[in-house]
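Below are the chains, spelled out letter by letter.
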Amino acid sequence: MDDALTLYDVMLDSRLLLGTARYPSPAILAQAIRAAKTQIVTVSLRREAGGSRGGESFWTLIRESGARVLPNTAGCRTVKEAVTTAQMAREVFGTDWIKLEVIGDEDTLQPDVFGLVEAARILVGDGFCVFPYMTEDLVVAEKLLDAGCRVLMPWAAPIGSGRGINNIFGLRSLRAHFPQTPLVVDAGLGAPSHAAAVMELGYDAVLLNTAVSRAGDPVAMARAFALGVNAGRAAFLAKPMTPRDFARPSTPVIGRAFDEGAA
Amino acid sequence: MRVEVVGAGVAGLTVAFELARQGAAQGLRVELVERRPRAGLGCSRYAGGMIAPWCELESAEPIVATLGVEALEFWTKDIPVATVAGSLVVAPPRDRAELVDFARRAQNFEELDAAGVAGLEGDLASRFDSALYFGSEAHLDPQAAMTALGESLAGMHNVSLRFGESARGDADWTVDCRGFAARDELPGLRGVKGEMVMLRSGDLTLSRPVRMLHPKRPAYVVPRGAGLFMIGATMIENEEAARVTARSVVELINSAYAIHPAFAEAEIVDMGSDVRPAFPDNLPRLTRRGRTLYVNGLYRHGFLLAPALARRAARMVIENAWFPEVCHAHPG
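Just so you know, the sequences run in chain order A and B. Each residue of the first sequence is one higher than the one before, counting from 87 in our numbering. Each residue of the second sequence is one higher than the one before, counting from 12 in our numbering.
Just so you know, these hints were derived from the structure itself, not from any lab. Treat the hints with care, since some could be wrong.
Stated by the list, open to error - Distance condition first, Cα-Cα at most 30 Å in a straight line; then the derived BS3-like pairs of lysine-lysine:
# : chain 1 : residue 1 : chain 2 : residue 2
1 : A       : K166      : A       : K123
2 : A       : K123      : A       : K325
3 : A       : K166      : B       : K227
4 : A       : K123      : B       : K227
As the list claims (entries may be wrong) - Okay, the calculated beta carbon distance ranges per label pair:
#  : chain 1 : residue 1 : chain 2 : residue 2 : range
5  : A       : G213      : B       : R254      : 41 to 51 Å
6  : A       : K166      : B       : A332      : 53 to 63 Å
7  : B       : R13       : A       : G180      : 33 to 43 Å
8  : B       : G343      : A       : V225      : 29 to 39 Å
9  : B       : V261      : A       : F255      : 48 to 58 Å
10 : B       : E122      : A       : M327      : 26 to 36 Å
11 : A       : A90       : B       : P198      : 45 to 55 Å
12 : A       : D212      : B       : G343      : 25 to 35 Å
13 : A       : M97       : B       : E176      : 32 to 42 Å
14 : B       : Q37       : A       : T146      : 42 to 52 Å
15 : B       : E196      : A       : P326      : 40 to 50 Å
16 : B       : H341      : A       : P326      : 50 to 60 Å
All C-beta atoms, glycine included, are put in the ideal place defined by N, C-alpha and C.
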């Protein structure tokens with residue numbers, strides 16, 4: 087592993103995490119996981135759990151993909167709901183990992199960052215490795231780290247929007263402020279170029295769902311995203327050139343002397 | 012030859028019908044066995060009953076549409092219970108992208124503007140300024156369809172119906188059509204929970220199924236006549252049956268309300284929940300094990316796929332036919 091990613095002491099080759107919702111079938115989901123060489127998949131537990139462990143068949147299919155399961159609290163709107171769901175997820179999947187979502191606005195699915203920090207503190211205290219889904223807000227990031235999170239997952243744009251990076255300045259400054267913390271862009275990416283762009287900013291990984299699951303060919307799109315992530319990561323490591331501004335000539339007079347066509 | 016068909020949902024009923032029809036000349040006798048007191052008490056009864064092969068291409072493999080086209084003929088000629096009035100697909104203005112994606116995957120439709128929508132469904136005038144119209148598609152009432160099939164079977168001289176009984180397993184062939192109840196014998200079969208709500212409204216005149224696209228909660232309304240409208244259906248990777256959750260009801264009714272606000276004043280007539288049987292690829296299988304044939308994995312496409320699968324299942328039993336696109340040998 088030359089360029090391994092470490093999340094909560096687990097070393098990973100793949101920097102592309104996939105969601106598991108809305109694929110045409112579990113079989114296509116499994117093919118997409120293989121095509122992208124994804125090692126972490128996130129699974130929503132809240133509804134699938136039902137009254138008992140009714141989602142067991144689907145979870146078994148996901149486990150068989152060989153990927154590590156990162157359960158999530160998608161759809162939870164309160165701290166209590168998110169904490170309870172996380173505890174249930176730990177029992178069902180036998181993992182302390184939890185992708186923590188506390189949704190504050192039903193329409194944009196924007197996280198409730200206040201509830202998020204509170205839930206993160208409770209779950210860290212309870213021994214969880216928390217992956218908080220957050221906005222790109224620096225202060226929220228600071229408070230989540232204070233609460234004991236060791237990975238942060240800022241959005242690029244609202245969940246499922248496929249818009250790509252909404253606030254490149256915010257993501258850049260978040261990266262600059264927390265150079266040592268693994269940062270995973272979660273939500274809002276629509277095309278492999280978006281994934282490449284966030285990796286070029288120095289983000290450690292990306293998490294996707296809709297952009298792959300709702301593509302015309304999810305398996306081919308998973309492969310395309312893996313290429314985008316790898317290209318962006320390689321570019322970041324290769325240290326891209328600094329863009330130049332040619333809008334204003336810096337040597338307007340002397341340059342002319344050699345410009346024969348201008349005569 | 013004597014064939015025992017187990018399970019009287021849409022799969023078992025159509026299989027019994029095709030066996031009796033195709034095998035009549037050779038003296039084939041069919042016994043349809045159902046552990047419940049009558050036909051159609053399993054998950055089939057909660058089906059939407061949309062015979063919409065081209066809409067289903069949105070999320071299903073092409074084979075589903077290919078097989079599904081046969082259902083249009085079956086439910087209009089053999090068991091003529093379907094209404095061919097097409098189907099409409101709409102999206103709220105903010106989710107227009109869903110409509111674009113749907114159009115990219117589906118086939119055999121025309122795009123309608125506001126006037127086109129209003130011309131087809133007066134209730135939707137000025138509510139949606141664009142829609143997809145699948146004019147060749149049909150819809151039926153699952154209960155009525157299964158009753159009609161049961162009556163047809165009762166009138167066939169080579170068919171006997173046994174309700175409230177379990178299979179004897181002493182026939183020349185067994186065709187197992189038990190759906191999710193056969194999970195212990197079919198590796199990989201899982202249940203996908205679905206919930207539906209039935210509403211009654213005197214204020215609406217929708218005459219064809221309307222699908223409302225939404226990134227998280229797509230839903231449809233199917234008119235059942237006499238002011239009844241079926242609102243379906245959730246898709247949850249969960250195998251618990253018979254538990255309709257408050258959240259699902261709220262979401263389904265919200266979708267209906269988004270199609271037309273008059274649904275807010277509709278009466279809730281019924282709610283239901285069951286599990287659809289599905290294989291990991293969500294495609295149907297005719298699985299042969301010796302002289303047992305399992306017809307299963309119809310998933311959310313029971314009424315759409317049953318006729319084509321039944322025709323093929325009957326030919327497997329009668330003439331040892333094999334259809335690579337749907338036939339599987341049992342791994343056991």
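Which hints from the list above does the structure break, by number from lowest to highest?
-> Structure breaks hints 1, 5, 7, 8, 9, 10, 11, 12, 13 and 15.
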